[in-house]
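Undergrad: Listed here are the chains, written in short residue letters.
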Amino acid sequence: MTYLTVLSALGGGALIGLASAWLLFFHNRTAGISGIAVGILPPFQQDIGWRLWFLAGLVISAPLWKLFGGSVHIQIDTPLIVLASAGLLVGYGTRLGGGCTSGHGICGNARLSVRSIVATLLFMTTAVITVFIVRHGF
Amino acid sequence: MNSNFSTFISGLLFGLGLVMAQMTNPVKVLGFLDVAGNWDPTLALVMVGALLTLGILQWFMRKRLKQTQDTDRDLLVSPKAKIDAKLIAGSAVFGIGWGLSGFCPGPALVGLTSGLVGSYVFVGAMFIGFFVFNRLHRDR
Numbered sequence: 001m002t003y004l005t006v007l008s009a010l011g012g013g014a015l016i017g018l019a020s021a022w023l024l025f026f027h028n029r030t031a032g033i034s035g036i037a038v039g040i041l042p043p044f045q046q047d048i049g050w051r052l053w054f055l056a057g058l059v060i061s062a063p064l065w066k067l068f069g070g071s072v073h074i075q076i077d078t079p080l081i082v083l084a085s086a087g088l089l090v091g092y093g094t095r096l097g098g099g100c101t102s103g104h105g106i107c108g109n110a111r112l113s114v115r116s117i118v119a120t121l122l123f124m125t126t127a128v129i130t131v132f133i134v135r136h137g138f
Numbered sequence: 001m002n003s004n005f006s007t008f009i010s011g012l013l014f015g016l017g018l019v020m021a022q023m024t025n026p027v028k029v030l031g032f033l034d035v036a037g038n039w040d041p042t043l044a045l046v047m048v049g050a051l052l053t054l055g056i057l058q059w060f061m062r063k064r065l066k067q068t069q070d071t072d073r074d075l076l077v078s079p080k081a082k083i084d085a086k087l088i089a090g091s092a093v094f095g096i097g098w099g100l101s102g103f104c105p106g107p108a109l110v111g112l113t114s115g116l117v118g119s120y121v122f123v124g125a126m127f128i129g130f131f132v133f134n135r136l137h138r139d140r
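One line per chain: the protein sequences are Y and C, in this order. Numbers 1 to 138, taken from this note's numbering, label the letters of the first sequence in order. Numbers 1 to 140, taken from this note's numbering, label the letters of the second sequence in order.
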């Protein structure tokens, strides 16, 4: 943990908070990524437009960051079959639970929603247990 | 400002925050979740930065927010919403997927421009998971 990684984590978090505040104040929407993304699937709703625009901004962020000299580190060491299973669990689980790291973890917690606090503690716990079993168990 | 462009900017800021904080790197995320190994606690600061920023901005905007509260917004993260079995089961399942991969939805979508097959596989499976949920639980 260096000074720079601390600053970039805090600064990155602040940007995420600003983006969430932007969507809340100007559009009265919760910046929950799983909730925004699920809305582009059928049954199609009238509000698909803003979702696509938001997701376009999200996806284009990494190349834009690179364009202005930033570096993007993405390293995946997980086998594809595990990634596929994990993707299914994340997709289904976030919708069943009504939010993910952004919707519950940031927006809901910032509103002091008990539901979101419980959800955050739960997914953090099962994630830590899963990593423990994969890396140190058996 | 055009409304669509404005939501685009929000998504862009969100993504830049994830990239800057290195939340988009699954190996880094797994290092954060690996409390029994060579634990890297820096990513906890992402949540600290985000909650402080959003919390402070919400406090300044509290009057306006009160007028619009819960009309249109996602009720699932509302302070008034009740805890139920779906919340418990769904969050637990999400955590398992997060722990297996190091990907949650936002960073996974940002990873689509990385050109890595793993990103495509994860995001494809995630959307299948969304779709399955829609088919099974469309009780609205």
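These aren't lab readings, by the way, just hints derived from the structure by calculation. The model shown is predicted, which means the values in this text are computed figures rather than measured ones. Mixed in with the good hints, there may be bad ones.
Said to hold, decoys possible - Derived coverage of chain Y by chain C (criterion: at least 3 residues anywhere in the stretch with Cβ under 8 Å from a Cβ of chain C; other residues may be distant):
#1 15-26
#2 37-46
#3 66-79
#4 86-94
#5 104-111
#6 114-125
#7 128-134
Yeah, the Cβ is synthetic: ideal placement off N, Cα and C, and Gly gets one too.
Undergrad: Each hint needs a verdict: does it hold in this structure or not?
TA: Going through the hints against the structure:
1. Using a Cβ-Cβ cut-off of 8 Å, 12 residues of the segment 15-26 of chain Y lie near chain C, which meets the minimum of three, so the contact claim holds.
2. Counting residues of the segment 37-46 of chain Y whose beta carbon lies closer than 8 Å to any beta carbon of chain C gives 5, which meets the minimum of three for the stated coverage.
3. Residue count for the segment 66-79 of chain Y with a Cβ under 8 Å from a Cβ of chain C: 8. That meets the three needed, and the coverage hint holds.
4. Only when three residues or more bring their CB closer than 8 Å to a CB of chain C does the claim for the segment 86-94 of chain Y stand; here the count is 9, and the claim holds.
5. Coverage of a stretch by a chain is defined here by at least three residues with a beta carbon nearer than 8 Å to that chain's beta carbons; for the segment 104-111 of chain Y and chain C the count is 8, and the condition holds.
6. For the segment 114-125 of chain Y, the stated coverage by chain C holds: 10 residues have a C-beta nearer than 8 Å to a C-beta of that chain, and at least 3 were required.
7. Coverage of the segment 128-134 of chain Y by chain C holds [criterion: at least 3 residues with CB-CB distance below 8 Å; count 6].
In the structure shown, no violation is registered for any of the earlier numbered hints.
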